[in-house]
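S.K.: Throughout the sequence shown, residue numbering follows the numbering used here, covering 5 to 164 in sequence.
To be clear, the hints were calculated from the coordinates, so they are not data collected in a lab. Bear in mind that the values here come from a model prediction, so they are computed numbers and not experimental data. Where hints are given, some of them may not hold.
To be verified - Cβ-Cβ distance ranges computed for the label pairs, FRET-style:
#, residue 1, residue 2, range
1, Gln157, Ala79, 35 to 45 Å
2, Arg65, Ala30, 15 to 25 Å
3, Ser101, Glu153, 26 to 36 Å
4, His129, Ala47, 29 to 39 Å
5, Ser45, Gly159, 36 to 46 Å
6, Asp15, Arg83, 24 to 34 Å
7, Thr131, Ala47, 30 to 40 Å
8, Gly159, Glu78, 32 to 42 Å
9, Thr158, Asp22, 27 to 37 Å
What the hints assert, rightly or not - Below 20 Å or equal to it, Euclidean Cα-Cα: the simulated EDC-like pairs (lysine to aspartate or glutamate) are:
#, residue 1, residue 2
10, Lys150, Glu57
11, Lys150, Asp22
12, Lys150, Glu62
For each residue, glycine too, the CB sits at the ideal point set by N, CA and C.
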Amino acid sequence: MSLQVGQPAPDFTRRSDDGRTVSLQARRGQWTVLYFYPRASSAGCSIEAQRFEAALPEFERHGAQVIGVSTDTEARQARFRDTCSLTFPLIPDSDRSLAQAYGVIGGLSGLLGMTGRATFLIDPHGTVTWIHRSANPMTHVTGALKELEAAHQTGAATAG
5 MSLQVGQPAP DFTRRSDDGR TVSLQARRGQ WTVLYFYPRA SSAGCSIEAQ
55 RFEAALPEFE RHGAQVIGVS TDTEARQARF RDTCSLTFPL IPDSDRSLAQ
105 AYGVIGGLSG LLGMTGRATF LIDPHGTVTW IHRSANPMTH VTGALKELEA
155 AHQTGAATAG
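Throw the hints in and build the complete structure from the sequences for me.
M.R.: Rendered as structure tokens:
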């Protein structure tokens, strides 16, 4: 079953590739951009990750943290971080449980053990407010920023 806008985001506590503990519950009161990508170090995933990294100041200005997730191993994620000079957390999901909870395993990618490309914007209350599922790595960053900006303009950006 696929996660829908308006539903609570599945909670998780995971260790990132660089040893940080990343917990959605601990992020309550703040925005989270959780994005899934098919394969660390592939061309499209590298482009997408570098675009997220370049936009980090904008996300941070809106009080949001970017977190990347793939079914790659911790070692592969660490190489990806180094190759792309990434500073945001990357979560290895080799057991695919996080990808399954967010409904991003399926189709050909799922048969190959990879996630589909998807971005989830999670509000300070832990609710999914926007989902973007597209194979195009160029659209996820701009879409998430646009949604964050719209939330700030409508006053939906604060926890309450």
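S.K.: If a hint holds in the structure, say so; if it does not, say that too.
M.R.: Do the hints match the structure? See the list:
With their beta carbons about 42 Å apart, Gln157 and Ala79 fall inside the hinted range of 35 to 45 Å. Between Arg65 and Ala30 the beta carbons are some 21 Å apart, a value that agrees with the proposed interval 15 to 25 Å. Checking the proposed 26 to 36 Å range against Ser101 and Glu153 shows it holds: the Cβ atoms sit about 32 Å from each other. The supplied range of 29 to 39 Å is met by His129 and Ala47, whose beta-carbon atoms lie about 36 Å from each other.
Range check, Ser45 to Gly159: Cβ separation about 40 Å, and the 36 to 46 Å hint holds. Between Asp15 and Arg83 the beta carbon distance is about 28 Å. The supplied range of 24 to 34 Å therefore holds. Remark: the range hint 30 to 40 Å for Thr131 to Ala47 is upheld by a beta-carbon distance near 33 Å. At roughly 40 Å, the beta carbons of Gly159 and Glu78 sit within the given window of 32 to 42 Å.
Checked against the hint of 27 to 37 Å, the C-beta distance between Thr158 and Asp22 comes to roughly 35 Å, which is consistent with it. For the given pair, Lys150 sits about 16 Å from Glu57 by alpha-carbon distance, which is consistent with the 20 Å threshold. This hinted pair does not check out: Lys150 and Asp22 have alpha carbons roughly 29 Å apart, beyond 20 Å. Simply put, Lys150 and Glu62 have alpha-carbon atoms about 11 Å apart, close enough for the 20 Å limit, and the pair holds.
Consistency with the previously given hints fails for number 11 only.
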